[in-house]
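Since chain X is already given, all that's left is putting chain W on it; use the hints.
Protein chains: 2
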Amino acid sequence: MNRHFDIVTIVGVGLLGGSLGLALKARSIARTVRGVGRRQSSLDQAMKVGAIDTAFLNLEDATEGADLVVICSPAGHVTEALDGILSVCSPRAIVTDVASTKSLICARARKTWPVPQRFVGSHPMAGSEKSGPEHATPRLFEGCVTMVEAGGHIDAEARRAVCELWRSVGAHVVEMDPEVHDAIAARTSHVPHLMAACVSILAAKELEAYPCEVRALIGPGFRDVTRIAESRPETWRDICLTNRDAVLAGLDDMLATLGRIRKAVDESNGKDLEAFFDQGRIARGELLHDAGNNSSEGAV
Amino acid sequence: MNRHFDIVTIVGVGLLGGSLGLALKARSIARTVRGVGRRQSSLDQAMKVGAIDTAFLNLEDATEGADLVVICSPAGHVTEALDGILSVCSPRAIVTDVASTKSLICARARKTWPVPQRFVGSHPMAGSEKSGPEHATPRLFEGCVTMVEAGGHIDAEARRAVCELWRSVGAHVVEMDPEVHDAIAARTSHVPHLMAACVSILAAKELEAYPCEVRALIGPGFRDVTRIAESRPETWRDICLTNRDAVLAGLDDMLATLGRIRKAVDESNGKDLEAFFDQGRIARGELLHDAGNNSSEGAV
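From first to last, the protein sequence lines are chains X and W.
If you want this note's numbering, it's the 1-based position in the first sequence plus 18.
If you want this note's numbering, it's the 1-based position in the second sequence plus 18.
Same shape as in the complex, but just chain X (with noise of 0.2 Å):
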């Protein structure tokens, strides 16, 4: 019997929320699994997948009897509904989000929801280029790592539930404050993909003038520096909208390291250059050691 919950209440049934619907119905990990949201047409997609069991346009009647609420509109989305969940549900719910940032997120439940908080905020590190519910998959979230908000404020019951949840769907849960993942992750995802933007328009400027030998000249090293720039612009705006300060900070140590960078090559100082790139060398094998690193991942 893996039943953990009776009703689940998905807020936005987007590629993660349908996901998410699938993922609890193959595994009958809840009785009923409701999702509400603002278009119609996307309930009756998530609908015609099997993602949910009934489709809601209104909040309040989505959540009545839930016993846990996964909020997976966009991260821009979240701090604003979290007040609206916390008006229409029972004190008993508990409730989730799975957007990408969590500071702003977790401080405005911390600011308005009772303690001890039964809103629990997490980041399940899935998704795709894709997006939309006819790309909903049961198994997006297997083997993914999905954080848990940690912090004493936070109800014993409603942690322990949150955990379980991604656990049955398949995740790796780590749990960790709020601000220490943003900071992660602007240095691990949110500048990352900027700079992937970044290489990207710096090479497209070529085009123009040399078509043929630009696109001739690309190659397999050049696809994976890029290949997070085709993730959906909405996305990484609000991303960097709702983690400002972390990417700033990020931003500013990368444009410091390039700066060095700049004077090492206007210098031509060989040793210089060769100890940068033997930094990041080193870096990158500390930083995947513990993830199973493979040093003969592919061509440059």
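Treat the hints loosely; a few may be bogus.
[Claimed, not checked] With a cut-off of at most 20 Å between alpha-carbon atoms, the simulated SDA-like pairs for lysine to any residue come out as follows:
#1 K148(W) with E292(X)
#2 K289(X) with H95(W)
#3 K223(X) with I300(W)
#4 K289(W) with L266(X)
#5 K223(W) with D290(X)
#6 K223(W) with D296(X)
#7 K223(X) with G277(W)
#8 K289(X) with I300(W)
#9 K289(X) with E252(W)
No wet-lab data here; the hints were simulated from the structure.
In this text the structure is predicted, and so the values were computed from the model without any measurement.
Chain W in isolation, oriented as in the chain X frame:
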């Protein structure tokens, strides 16, 4: 009958030189493949894997009677090697190289070699994070784009022979001016390598305080953006040193874009941020459009 050359001399029997030897022999493109190098151990290894028929420590002996000489030394050594080869090999010999930067090398040849020039610069975009003749493979050049120097000063027979060399081992030849090659490569390869190292260094700064959290939050996006940071530091030092002006121009362009993004983040300017990410996405699509772009390459 595939034979295009009688005696081919490979100067420097590392991964590229060794792989070229194996490919020439596997396809019977040359009657004899000679290897010349500074270290007996590399030559022994190249002999052992069957990449060369005979080994030399002396350039004059190695090039005597050769109809084709391929300089496979690191970029930093080619410029000096050029004059030595010109002074020892027969005037009818055709000479090429495989260095990743071309302007300095080709400019040096134009200055010292007689016209019509029988030195023709090449850049096969092949390689991996591995190095040394022990990793050589006869298939290294299959499907790889290879730039061959264009220009009215090049001897027509030499140009044809060098193009034929690369085509015969499976490469796709694209002829272009060395300066155009270097300006584009700075933006599609050299600056992206600098970025990959910068991003690795940026993320590793959080390792000391939060080792588990940082490693947990590293996803496939970070892995892809930084993969090429594992390349050999000496190689990339030499590339920056030998393509200084184009790398500086690329870096300055990058710094200007980053400054624009920093301002948008600082001012929480969602419109500019979305426009920037959109520009990045469109740029990548245009760059990879003709090269078989696949919009569902992997996870974020």
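Now the hints, each set against the structure:
1. Among the hinted pairs, K148(W) with E292(X) is consistent with the structure: their alpha-carbon atoms are about 18 Å apart, no more than 20 Å.
2. Simply put, K289(X) and H95(W) have alpha-carbon atoms about 16 Å apart, close enough for the 20 Å limit, and the pair holds.
3. Among the hinted pairs, K223(X) with I300(W) is consistent with the structure: their alpha-carbon atoms are about 12 Å apart, no more than 20 Å.
4. As the CA atoms of K289(W) and L266(X) are separated by approximately 17 Å, the hinted pair is consistent with the 20 Å bound.
5. For the hint pairing K223(W) with D290(X), the CA-to-CA distance comes to about 19 Å; that is within 20 Å, so the pair holds.
6. With a C-alpha separation of about 15 Å, the suggested pairing of K223(W) with D296(X) holds against the 20 Å cut-off.
7. The hinted pair formed by K223(X) and G277(W) meets the criterion: a straight-line CA distance of about 17 Å does not exceed 20 Å.
8. The suggested pairing of K289(X) with I300(W) is violated, with an alpha-carbon distance near 38 Å, which exceeds 20 Å.
9. With a C-alpha separation of about 10 Å, the suggested pairing of K289(X) with E252(W) holds against the 20 Å cut-off.
The structure fails to meet hint 8 from the earlier list, while all remaining hints are met.
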